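Counting with our numbering, you get residues 280 to 437 for the letters of the sequence shown.
The hints are simulated quantities; they were obtained by calculation from the structure and are not laboratory data. A few of these clues could be false.
Stated by the list, open to error - Derived Cβ-Cβ restraints for the label pairs, each shown as a range:
id: 1; residue 1: K362; residue 2: P386; range: 18 to 28 Å
id: 2; residue 1: E395; residue 2: D418; range: 18 to 28 Å
id: 3; residue 1: D388; residue 2: T347; range: 33 to 43 Å
id: 4; residue 1: P337; residue 2: E411; range: 42 to 52 Å
id: 5; residue 1: R383; residue 2: H360; range: 14 to 24 Å
id: 6; residue 1: D388; residue 2: A350; range: 21 to 31 Å
Just so it is clear, the structure is predicted and the values come from calculations on it, not from any experiment. Just so it is clear, CB atoms sit at the ideal spot from N, CA and C, and this is done for glycine as well.
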Amino acid sequence: MPRADRPTSSPDGAADADRRPRVLFVCVKNAGKSQMAAALTRHFARERLDVHSAGTQPGRAVNAESATAVATLGATFGGEHPKAIDPAVLRTADRVIIVGSAARLEPIDGMLATIETWHTDEPSTRGIEGTERMQLIRDDIAERCRTLVSEMLHRTQG
280 MPRADRPTSS PDGAADADRR PRVLFVCVKN AGKSQMAAAL TRHFARERLD
330 VHSAGTQPGR AVNAESATAV ATLGATFGGE HPKAIDPAVL RTADRVIIVG
380 SAARLEPIDG MLATIETWHT DEPSTRGIEG TERMQLIRDD IAERCRTLVS
430 EMLHRTQG
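Produce the entire structure from the sequences given, and follow the hints as far as they go.
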């Protein structure tokens, strides 16, 4: 859960009450699940949140099946690519969410948020592959993102 007792701050560490709430999604490669979460959150939040994604061991390219799955809901990976975690974003995010169970992330000094983990559905453990697998993962992540957007926007209005 976010640390409501701490002021928000900009990437340089300065307090900034006017900035949009910031969320960082993390997975291992930053190619699929964290990109899906970021794209869906951007889509649902309609520019009211500052959304980032990163990987603990970034891959070479985004997962095309993941991009296609979120596109069916109107979200896009547009211009995104796998990237490493930016310590400034990690430090100043209001929510830091590991998407899936594979990534490991240690907190750093000065972080505003605690690290949350979304243990997402993994249909392949039930023998479901391909497009159906990606749609089930997308639906699980989308539901979580809708809740997240509501929580983060409600918090800024309260």
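Structure-based check of each hint:
no. : hint                    : result
1   : K362 - P386: 18 to 28 Å : 20 Å, holds
2   : E395 - D418: 18 to 28 Å : 20 Å, holds
3   : D388 - T347: 33 to 43 Å : 39 Å, holds
4   : P337 - E411: 42 to 52 Å : 27 Å, violated
5   : R383 - H360: 14 to 24 Å : 22 Å, holds
6   : D388 - A350: 21 to 31 Å : 39 Å, violated
Hint violations for this structure: numbers 4, 6, all remaining hints satisfied.
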